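Student: Fit chain A to the given chain U structure using the hints.
Which chain is which? The protein sequence lines are U and A, in order.
Be aware that the first sequence starts at 6, since it is given in the numbering used here, and climbs by one per residue.
Be aware that the second sequence starts at -15, since it is given in the numbering used here, and climbs by one per residue.
Quick caveat, the hints were computed from the structure, so don't treat them as lab data.
As the structure is a computational prediction, the values presented were derived from the model and not from experiment.
Worth double-checking, as some hints may not be accurate.
[Stated by the list, open to error] Here are the simulated EDC-like cross-link-like pairs (lysine to aspartate or glutamate), alpha carbons at most 20 Å apart as the crow flies:
1. A/Lys31 <-> A/Glu75
2. U/Lys7 <-> A/Glu75
3. U/Lys99 <-> A/Asp30
4. U/Lys7 <-> A/Asp77
5. U/Lys35 <-> A/Asp59
6. U/Lys35 <-> U/Glu74
7. A/Lys78 <-> U/Glu38
8. U/Lys35 <-> A/Asp71
[To be verified] A partial selection of chain U residues facing chain A, derived with a Cβ cut-off under 10 Å:
9. Glu14
10. Gly15
11. Gln20
12. Arg129
[To be verified] Negatives, chain U to chain A, calculated, CB over 10 Å:
13. Glu34
14. Leu72
15. Glu74
16. Ala105
17. Leu121
18. Val132
19. Asp135
Quick reminder that beta carbons are idealized off the backbone N, C-alpha and C, glycines included.
The residues making up each chain are set out below.
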Amino acid sequence: MKFGIMVNEGPYTHQASDSAYNFVAAALEKGHEIYRIFFYHDGVNNGTRLTTPPQDDRNIVNRWSALAEKHEIDLVICVAAAQRRGIADADESKRNGKDADNIAPGFRISGLGQLLEASIQADRMVVFGD
Amino acid sequence: MLHTVNKSPFDRNSLERCMRTCDKGSAILLIEDGVYGGIKGSVIEDKVKGAMKDVKIYALEADLDSRGIKGRVIDGIQLVDYNGFVDLTVEYDKVQSWL
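Okay, chain U solo, but in the shape it has when bound (with noise of 0.2 Å):
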């Protein structure tokens, strides 16, 4: 089954980014197929590669980019939420004339539209927010 994700609340605050995770990886390992998972609101601060979590903490964006880059899956991060937050690639850091990106390895800015095609493709759609 494929499956769309939506993420809604930063990594370290509550419990939504390790519950998403989570569930993906049961997921992936059920065989099913993760179609995208979309970071929204305060969930684009899943995709800063500046975190630097203390050693014995999980590094919950390196996490992302890791299964990212193991199955293929598309991190999608909203661009309004992200520029709002100062999370950049080198496109919208150019664009909109900031002297950094801070964008971790996996993820894409990108827009609205493709959280609403990812509920359009995906046989399910779970979020996790605050």
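Tutor: Below, chain A alone, put in the same frame as chain U:
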């Protein structure tokens, strides 16, 4: 339809609203702080038991365990792991997350 509730009923009223509005034959899965809704002897226990006449109620075992309340769950609430969570989303045709 599968409903997921992730906040404690003592923090927000999402579980109560969910139980009030969900259709007969649907299921509610308690996750994260939502698992506090499944605890025995709380002020919401009677409402949860009442809802269980019409809907199945599940709770995510890992979230009960991390809160130390796995042994205090209302009789009839079924515990599931993440594999069970995935299976529920397959079994029910839609998933509504109460956030």
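Student: Run every hint past the structure and note whether it holds.
Tutor: Verification of the supplied hints:
1. A/Lys31 <-> A/Glu75: Violated. A/Lys31 to A/Glu75 sits at ~25 Å, over the 20 Å cutoff.
2. U/Lys7 <-> A/Glu75: 13 Å, holds
3. U/Lys99 <-> A/Asp30: 58 Å, violated
4. U/Lys7 <-> A/Asp77: Holds - the C-alpha atoms of A/Asp77 and U/Lys7 are around 12 Å apart, at most 20 Å.
5. U/Lys35 <-> A/Asp59: 29 Å, violated
6. U/Lys35 <-> U/Glu74: 18 Å, holds
7. A/Lys78 <-> U/Glu38: 17 Å, holds
8. U/Lys35 <-> A/Asp71: With a Cα-Cα distance of about 9 Å, the restraint between U/Lys35 and A/Asp71 holds, given a limit of 20 Å.
9. Glu14: Check passed: Cβ of U/Glu14 comes within 9 Å of chain A, closer than 10 Å.
10. Gly15: Since the shortest Cβ distance to chain A is 14 Å, the answer is violated.
11. Gln20: Since chain A brings a Cβ to about 4 Å from U/Gln20, closer than 10 Å, the hint holds.
12. Arg129: 5 Å, holds
13. Glu34: Label violated. Min Cβ-Cβ 7 Å, cutoff 10 Å.
14. Leu72: U/Leu72 is indeed farther than 10 Å from all Cβ atoms of chain A, at 14 Å.
15. Glu74: 21 Å, holds
16. Ala105: 32 Å, holds
17. Leu121: With a cut-off of 10 Å, U/Leu121 remains clear of chain A, as the shortest Cβ separation is near 16 Å.
18. Val132: Nearest chain A Cβ is 4 Å from U/Val132, so the label is violated.
19. Asp135: 6 Å, violated
The structure is inconsistent with the numbered hints 1, 3, 5, 10, 13, 18 and 19, although it conforms to all the rest.
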